[in-house]
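K.L.:
Spelled out, the chains give:
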Amino acid sequence: MCTTCGCGDPKLVPVDVHEKILAGNDRQAQHNREHFMEQGVLALNLMGSPGAGKTALLEATSRATERRWRLGAVSGDLATDNDARRLEAAGIPSRPITTGQGCHLDADLVHHALHGFPWTELDVFFIENVGNLVCPAIYDLGQAANVVALSVTEGEDKPLKYPVMFKAADLVVLTKCDLLPHLDVKVDRILDGLRRVMPKPNAIQVSARTGQGMAEWTGWLEERKARVPKRAAGAPAAHTHEHDHDHSRDHDHSHAHDHEHDHEHRHADGTVHRHGHAHGRDH
Amino acid sequence: MHEYSLIQSLVTRVEQEAVARRATAIHRLVVSIGELSGVDPELFQTAYDTFRAGTLCERTPLELRQVAARWACPSCGREIPKGEVLTCARCELPARIAAGGDEILLETIEMEVP
Chain A
0 MCTTCGCGDP
10 KLVPVDVHEK
20 ILAGNDRQAQ
30 HNREHFMEQG
40 VLALNLMGSP
50 GAGKTALLEA
60 TSRATERRWR
70 LGAVSGDLAT
80 DNDARRLEAA
90 GIPSRPITTG
100 QGCHLDADLV
110 HHALHGFPWT
120 ELDVFFIENV
130 GNLVCPAIYD
140 LGQAANVVAL
150 SVTEGEDKPL
160 KYPVMFKAAD
170 LVVLTKCDLL
180 PHLDVKVDRI
190 LDGLRRVMPK
200 PNAIQVSART
210 GQGMAEWTGW
220 LEERKARVPK
230 RAAGAPAAHT
240 HEHDHDHSRD
250 HDHSHAHDHE
260 HDHEHRHADG
270 TVHRHGHAHG
280 RDH
Chain B
0 MHEYSLIQSL
10 VTRVEQEAVA
20 RRATAIHRLV
30 VSIGELSGVD
40 PELFQTAYDT
50 FRAGTLCERT
60 PLELRQVAAR
70 WACPSCGREI
80 PKGEVLTCAR
90 CELPARIAAG
100 GDEILLETIE
110 MEVP
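Protein chains in written order, with numbering that gives the first Met the number 0: chain A, 0 to 282; chain B, 0 to 113.
Do not rely on the hints blindly, as some may be mistaken.
[Claimed, not checked] Calculated pairs, EDC-like style, for lysine to aspartate or glutamate (alpha carbon to alpha carbon, straight line, at most 16 Å):
| no. | chain 1 | residue 1 | chain 2 | residue 2 |
| --- | --- | --- | --- | --- |
| 1 | A | Lys229 | A | Glu33 |
| 2 | A | Lys160 | B | Glu83 |
| 3 | A | Lys199 | B | Glu83 |
| 4 | A | Lys229 | A | Asp122 |
| 5 | A | Lys224 | A | Glu87 |
| 6 | A | Lys160 | B | Glu34 |
| 7 | A | Lys10 | B | Glu109 |
| 8 | A | Lys10 | B | Glu111 |
Worth flagging that the hints you see were computed from the coordinates, not collected in a lab. A quick note: this is a predicted structure, and the numbers were derived from the prediction, not measured.
All chains, full assembly: derive it from the sequences and hints.
P.N.:
Encoded structure:
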């Protein structure tokens with residue numbers, strides 16, 4: 000109520016928020032990221048157009064690493080669990096995330112997919128996003144890096160047409176390079192486009208069919224894996240720190256726990272500390 | 000069409016703020032959309048007009064501010080014109096984008112409080 004003159008008019012207040020509209024998603028993503036870091040799992044967000052060769056790249060990764068690494072994946076699609084089944088057949092434990100009409104994965108969907116999936120045992124966890132060069136780019140999932148698969152059949156000017164996606168990429172994997180002799184596509188022109196939309200351009204050329212470039216790709220994975228802190232011996236196999244779970248979309252379960260315990264964890268910067276804390280929550 | 004899910008987040012956030020401040024009405028929202036935020040302002044507006052029905056924002060106009068993407072060298076400050084290679088030719092450093100150019104921000108909520 001206006002208190003200056005007593006007229007009884009309500010007061011108009013401008014509230015400066017200056018907050019990202021995706022702040023809620025970013026918080027959940029940070030939470031996912033802490034899980035991955037604590038468990039020493041390299042999480043990668045693999046994006047690209049439908050048909051860019053994301054699933055084939057993962058199948059080839061499994062062959063190239065000869066199961067030396069424990070790989071796992073969740074794959075997002077509007078419908079069907081075909082990709083997850085293909086990955087399972089290739090020796091990559093997988094779970095589908097069927098988004099219905101959703102054009103992208105968000106941090107919450109990924110978090111829910113982690114429940115009941117043995118992701119903590121993995122070396123590399125791929126989040127195969129919904130095939131789309133637009134929407135997935137702006138949703139942080141908690142990944143350590145974004146990888147964008149771009150097939151050479153998609154044309155030379157894709158980076159310039161979809162700058163938001165390529166700006167978000169830490170690595171662009173040019174796929175289907177075995178087809179280059181049959182196409183009027185110049186790889187140099189794709190690379191030039193990338194330099195105009197990516198401040199730190201980084202691209203490798205691969206063929207999942209012939210194995211071309213796979214050593215460079217696994218080398219990149221190796222290098223990123225080395226940056227993830229190793230899980231401290233004796234650290235809990237599942238996360239134990241306090242957080243809010245929003246289980247609004249899911250399942251019919253209930254359990255309660257209320258306990259105190261010591262807990263050691265390693266931060267992103269490599270420091271380790273131990274502290275005791277208590278949980279008391281129902282969900 | 001992720002604009003719908005963004006509007007959902009926006010309206011939820013505004014309602015939260017309105018409830019916390021016991022607002023009786025929301026008069027105006029200001030949102031800034033960066034050129035490289037991945038959001039189309041027209042689609043965003045359309046999504047807002049569709050989705051706000053039945054929410055506290057039902058009668059609230061939405062003001063969109065478009066923010067251009069500006070790239071510059073983090074060291075010498077030289078601006079890199081649109082379409083050029085995003086590396087400073089002199090310092091050989093990757094360019095950095097100025098604040099707001101790649102973000103979608105809820106700037107202001109103008110509300111009526113008792």
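K.L.:
Does each hint fit the structure? Answer for all of them.
P.N.:
How the hints compare with the structure:
The straight-line distance between the Cα atoms of Lys229/A and Glu33/A is roughly 13 Å, inside the 16 Å bound, and the hint therefore holds. Distance restraint check for Lys160/A and Glu83/B: the Cα-Cα separation of roughly 14 Å lies within the 16 Å cut-off, and the hinted pair is therefore satisfied. The hinted pair formed by Lys199/A and Glu83/B meets the criterion: a straight-line CA distance of about 14 Å does not exceed 16 Å. Between Lys229/A and Asp122/A the CA atoms are separated by roughly 10 Å; this keeps the pair inside 16 Å, and the hint holds.
At roughly 22 Å between alpha-carbon atoms, Lys224/A and Glu87/A are farther apart than 16 Å, so this suggested pair is violated. Between Lys160/A and Glu34/B the CA atoms are separated by roughly 13 Å; this keeps the pair inside 16 Å, and the hint holds. With a CA separation close to 10 Å, the supplied pair Lys10/A and Glu109/B stays within the 16 Å bound. About 5 Å separates the Cα atoms of Lys10/A and Glu111/B, which keeps this hinted pair within 16 Å; it holds.
The structure is inconsistent with hint 5 alone, although it conforms to all the rest.
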